[in-house]
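Asker: Protein chains in written order, with our numbering: chain B, 1 to 563; chain Z, 564 to 1040; chain C, 1041 to 1319; chain V, 1320 to 1454.
In case anyone wonders, no lab produced these hints; they're calculated from the structure.
One or more of the hints may lead you astray.
Claimed, not checked - Listed next, the stretches of chain V that the computed footprint assigns to chain Z, with coverage defined by at least 3 CB atoms under 8 Å from CB atoms of chain Z:
| # | stretch |
| --- | --- |
| 1 | 1329-1337 |
| 2 | 1359-1373 |
To be verified - Derived PhoX-like pairs (lysine-lysine); straight-line CA-CA distance at most 25 Å:
| # | chain 1 | residue 1 | chain 2 | residue 2 |
| --- | --- | --- | --- | --- |
| 3 | B | K79 | C | K1084 |
| 4 | Z | K809 | C | K1262 |
| 5 | Z | K809 | B | K530 |
As the list claims (entries may be wrong) - Not the full set, but computed from the structure, chain V residues with beta-carbon under 8 Å of chain Z:
| # | residue |
| --- | --- |
| 6 | L1323 |
| 7 | Y1326 |
| 8 | F1341 |
| 9 | G1342 |
| 10 | S1351 |
| 11 | G1392 |
| 12 | H1394 |
| 13 | P1395 |
| 14 | V1397 |
| 15 | G1403 |
| 16 | E1439 |
| 17 | I1440 |
| 18 | S1447 |
For glycine and all other residues, C-beta sits at the position ideal for the given N, C-alpha and C.
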Amino acid sequence: MALLIRNGYVYDPMNGIDGEKMDILVEGGKIVDKLKSAEYEVIDASGMIVMPGGVDIHSHIAGSEVNAGRLLRPEDHAKDVELKTEITRSGVGYSVPSTFTTGYRYAKMGYTTVMNPSMPPLEAKHTHEELCDTPIIDKATYPLLGDWWFVLEYLRDGKIEECALHVAWMLYATKGYAIKLVNPGGLEAWGFGRNVRDIDDPVPYFNVTPREIIRGLCKVNKLLHLPHTIHVHTNNLGKPGNYETTLQTMKCVEDLSSGDKPCIHITHCQFSAFKGVDWREFYSGAEDIAKYVNFHKHVTIDMGQVIFTDTTTMTADGPFQYILHELTGNKWVNHDVETETSSGIVPFRYRRRSYVHSIQWCIGLELALLIRDPWRIFLTTDHPNAGPFTSYPQVIGWLISRKAREETLSKLNKRARETALLPSIDREYSLYEVAIATRAGQARALGLKDKGHLGVGGDADIAIYDVDPRKIDPSTQYDEYVKAFSKAAYTIKEGEIVVRNGEVVKVLDGKTYWVKVSSNSEYEVSEDMKRRFTEYWTVQFDNYPVSEAYLKRSKPVQVESEV
Amino acid sequence: MRKIENVICPVCGSLCDDITVYVEDNRVVEVENTCAVGRAKFLNYGLHRKPKPLIRKNGELKEASIEEAVRRSAEILTESKYPILYGWSSTSCEAIRVGLELAEEVGGIIDNTSTVCHGPSILSIQDVGIPSCTLGQLRHRADLVIYWGSDPYSAHPRHIERYTVFSEGRFQKSGWRSFIRRLSGKLVKKRLSRVAELILRRKLTFPEEKYALPPYFISEEERKLVVVDVRKTRTAEVADYFLQVKPNTDYEVLQALRMLVNDQDLEVDEVAGIPVRTLEDLADLMISCDFGILFFGVGLTMSKGKLRNVDAALSLVRDLNKRTKFLIMPMRGHYNVTGANVVFTWQTGYPYAVDFSLGYPRYNPGETSVVDILRRGECDAGLVVASDPVSNFPASAAKTLVDNPLIVIDPDVTPTSMMADVVFPSAYIGIEAEGTAYRMDHVPLRLKKVVEPPPNCLPDQEILARILREVRRIRRG
Amino acid sequence: MGILISPKRLFDVPVHARCITPDTFSTLSLSEILNLEVHEGNRKRKLKELFEVSTGPYTSPEGFTIWMKGDFSKVRYIGYGMSTGKIVLEGVAGMHLGEEMKGGFIQVYGDAGSWVGSMMQGGRIEVFGDVGDYTGAAYRGSGRGMRGGEIIVHGNALNETGCYMRGGLIKVYGSVGQFTGMHMHGGTIMVGGETEGRDGAEMTKGKIVILGRVPSLLPTFKIEAIKPRVKVGEERVEGPFYMFTGDLAENGEGKLYVSKNNNPHLKEFEKYLSPVKVK
Amino acid sequence: MRKLKVYLLTGRTIEQGKAKEFGKTSNLYKDSVAVCYIDPSDMKTLGIKSNTPVKVSTDFGSVVVRAEKSSRGSHPGVVYIPYGPWANQVVDPETHGIGMPSFKGVPAVLEPVPGEKVKEIEELLRDSFGEGSKR
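Given the sequences, and given the hints that come with them, work out the whole structure.
Answerer: Printed below as a string of structure tokens:
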């Protein structure tokens, strides 16, 4: 079906369009400059905002740890249910929604592309099976490679090219999109209940340091020409004083960037920007991080903004989750994956009354407001760790309106309110900047060429929000924007209207992106490798890879590597 | 003769994936690497199988076409006010996905066999969480392995050999040596060879000279195997240490152990007949290991205390993590019962006992679990997939199932299919059809198809999809 | 003004009727009440299809009153979340009676199912017959059981009475099953009859008083004293009682009072009492 | 005849696991599950030998199976019947609000019934669910 979206205020930062009133034409699932067919549907978008479909660089929506979180929390589901309709499946929501509900709720907010950031390679089939049951949105997933025995051994021996070839095979075998590192080295140490102290603390039994792992995989990423950078969850995440580790992590790959191209993404940076020595003497390190990022172009980060609510924390960072369990006494799931990674889950409530939680809330926003270049700081809540993704409109409210922030600040812990830097920050995001932080910037960082813009040839993934920027002032009437961003007037996915007035009207299957590396030296799995494989894993080599049959709509992204 | 390697065995939750199958004339003629149960399955499946679907007419099951059986099934389900859809742990995840959609469409209750297996474990996990891992982690690291209320030699025959005490890991060596030394000190060439027959498909030589070594209690440098059970199981016979508890006292023993690992003193001298000193020894062993694992079986979930036995075991292991690395894992029975929990959870948020009658998923075992519904006589129709509740449920619960219209999808003839109104003989997943299954530690594996099914035996997934289509056709006019 | 309601027939499948509360009924006209939606299994029904409903001159000090007569054993969630008024049920009540109740009064002249008053925060439930499992408990996975109000059972209760209870009072005059006060974090439970054991398992705070016989005590409880009497709500109950604390496996500070006279087999614990503590 | 008070356990055995694959209507299956494993000392007390039919009764029903000497160490007072339609005549169906009946540790009475026969599966089903119970 062809579409003519008429008279909307278009925000398309990649093409430099800032709220211009213009028409957008759609045909064959793409943005076009002229409609071929005479039959088309007209959407009257006058007085509305038109943006590319939202892109989320980091949101835990599928796979073994998410599902373990679902299993752990019946009490979380029972309070938020979705009824079956003629076209949609039923489900449950709140902090760890069921798969169908996840797809619908993203679409209702105008989001069309979501990256699942954490996949144990051994359980990749599981992640992909869930992604198949996550409707509407396009998606991709990052295999966890920072504690993978083969990687540790190659990097210990300085074999970067072999490592690169192996990672290429791994992306193919798991149908993965980017290299994910979580507390590099620390998860292997967690296998024996330990952790690494900093980026120069060697991994027990492997004689390799986190610094070597991060640098090594950064080089591998470059050799393979992967569309996204390495995606790093830092060491010492969630510990007071860790902003220094974060600075070291960013610094350690400074020399590996070429030109302005970023070479590292620090994810949910809020959790990695803690200053102080313990939970009493606890402050924001956002200013130091922002200063660094403002002067170094090789880094992108996302916020991991805290929302005051009851949520479920889940990460591959097993040792961190154990600390969280000790701290809260809440129920705790741990799942270590042989030879590869670990994970942990703990329910968590962020409280306004708490000093630490209030400071955490400030850190996320300080990062977003102090980092000047919106192309390098993205809106996330590290769903569901700092809050469910359904809170994005609320975060947008805080970004566009100082008044919104003050309103929340006034209810925060008093000491936090008095010590934090945030109240003194005046900056308010423009809608253009919102469009960068929620779609254009994320799509560019991910190397998704057809996403995040409305230029001719791009995917016709479009969000239309019913709020008039010429009449309604974001700074004072932010409520209207929060409402509009929560319920898209229209969400268009590949040229089809999937949401109307915040309700799902059509269900289709999204694509799964994965990276197919073509290399000069064809990668062959040697007998020696197979033997080691059998020693390292409890499944046979042949049974390990994920076939394309596990992807409902497979979308390989071809890249030419240097090896 | 065709040789197919790395076939996955569709029998128990261990999901061994190193099976070699030899096929001739579309029939499995030989298998390698399986345990006795797996071998029995591959070589003898389908002996009494029916060639066509059956529909009960005038009290007797008569052959029918697939279309007729589908139509009758769809009628039964659409007429029902409260149907139950039960089974799911011996079929593929792909079939379970369709099953959930069907349950939602007909507004029924869908439940899987964990309801009478590790359901209580899940309830406890929802209360206290679970520190766990994949099995390879144990192979590489565990120096203390405890089986509590589970007998892997009978229920998961290759478990010990592939994943725990007798497997070789990166940081931990196999415990065979100590086992042989110990056994040879006692009697027992005969017993050894029997155990070897059961689990030891790999070559292993027994060096003669070592037979002379004296038996000893617990090896210092090798992995240790501890078994706790109410009777001396086959597994207990090979253990370094066996603790026998009285039936229905696991809860007291576990709670007492928790106190000991938390450095608190017990006021009493013995707990459920076990001297506190013995428990102190066990607690010391647990604290002093580098990496321990506690496997628990239905011995905990089915005896007095049920979910709270597991609650105590989970809490014990959680507490132990203050002192050392310690993990815990339920021993799951059917080959894809874990998969059933996994798929239920991602689609509905809940692992079993899901009630769709209000149009959204509801979960409350005891209320929405199948045995309770049957005992209260609340359901008015049933669909059973790859399971045999008439054999496995208490007779009083099974009666409600039998008294109402019953649809059975199963490759085998079972007491349940004998009492059904519509029977679909289906293909054997993992032998005649592909599909995904989850190992007990949540590792997904792709089951293979090694032979063609008979013409009228479709895979479960296909049969369910046809019923679903027919249900929708009836509903929409 | 009040409402009289009784089933038109025996139900074979569960009936979900969260709407049967004084809060809902008191704001509606009779014809609106008749057309309220309930579920019979997976079928949507109107209240009038399943029940005879009429108005009547029922009043009580609690306010708007619903008088229910007959077998409601399959009817779930009666009085769900109610905050005011009164329900009088002559017959059998189904599961989840008075779940998440905040105020008002429910009286049942007969038995009730499991999950009576689960997660209730206030008000009063009185059952003259027996109740099932999980009285005053929490929903699966939640640590927030009953937080306030009173549940009084004149008959017997089954397992896990007061599971994850945090406040309020449960009195069972008959006997109870296992695991009374499981994971209890506060509040008071009194049992008039005997228990099947494992009382107070994993409790951290709160008070359990058992007047009848207990088969044995968990090894994770320590005897503290012998007390002549103990307070249950406003009332003083005469003993003497053995007073234990636990559950020590959870570092708990819960108090478990067990009748001395009805439990001569617990005498062996007296040797652990330091002489100072015997009063 | 003497009677004995015991705890009844049910569970998996490797024999039952294997026999199941030969079909639940096979004699092999019946031999593997219509059996009660008893401690040798208890058999002595009852004065019976292997293969003597014994009646196992609980509050929930009774069933006749054949006795078999248990080779699993010593566990007087505990008897074991593998999962199957025979065991399920006597297990405790009460779930106490969690969905799980008691399959293990059910108090039972054991009594030799030398004259009686162990029922065939068809007979067992007919007696449980009524003659031609299906409409």
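Asker: Against each hint, give a clear statement of whether it holds in the structure.
Answerer: Verification of the supplied hints:
Only residues whose C-beta sits within less than 8 Å of a C-beta in chain Z count toward coverage, and the stretch 1329-1337 of chain V has 7 of them, enough to reach three; the restraint holds. With a threshold of 8 Å between beta carbons, the proposed coverage of the stretch 1359-1373 of chain V by chain Z is violated, since 0 of its residues qualify and at least three are required. For the proposed pair K79 (chain B) and K1084 (chain C), the alpha carbon gap of about 21 Å is at most 25 Å, so the pair holds. About 23 Å separates the Cα atoms of K809 (chain Z) and K1262 (chain C), which keeps this hinted pair within 25 Å; it holds.
Restraint check for K809 (chain Z) and K530 (chain B): the C-alpha separation of about 47 Å exceeds 25 Å, so the hint is violated. Because the closest C-beta pair between L1323 (chain V) and chain Z is about 15 Å apart, greater than 8 Å, the hint is violated. Evaluation of the Y1326 (chain V) hint against chain Z yields a held restraint, the C-beta minimum of about 4 Å falling below 8 Å. Evaluation of the F1341 (chain V) hint against chain Z yields a held restraint, the C-beta minimum of about 5 Å falling below 8 Å.
The restraint placing G1342 (chain V) at the interface with chain Z holds, with a minimum CB-CB distance near 4 Å, inside the 8 Å limit. A cut of 8 Å between beta carbons decides the hint on S1351 (chain V): the least distance to chain Z is about 11 Å, and the hint is violated. Given the 8 Å rule on beta carbons, the hint for G1392 (chain V) holds: about 3 Å separates it from the nearest Cβ of chain Z. Below 8 Å, beta-carbon pairs count as interface contacts, and H1394 (chain V) has one with chain Z at about 4 Å; its hint therefore holds.
Checking P1395 (chain V) against chain Z: minimum C-beta separation of about 10 Å lies over 8 Å; hint violated. Nearest Cβ of chain Z to the Cβ of V1397 (chain V): about 6 Å, under the 8 Å cut. The hint holds. Because the smallest distance between the Cβ of G1403 (chain V) and any Cβ of chain Z comes to about 6 Å, under 8 Å, the interface hint for this residue holds. Checking E1439 (chain V) against chain Z: minimum C-beta separation of about 11 Å lies over 8 Å; hint violated.
A least Cβ separation of about 6 Å between I1440 (chain V) and chain Z falls short of the 8 Å threshold, and the interface hint therefore holds. Hint status for S1447 (chain V): holds, given a least beta-carbon distance of 5 Å to chain Z, under 8 Å.
Hints 2, 5, 6, 10, 13 and 16 from the list above are not met by this structure, while the remaining hints are.
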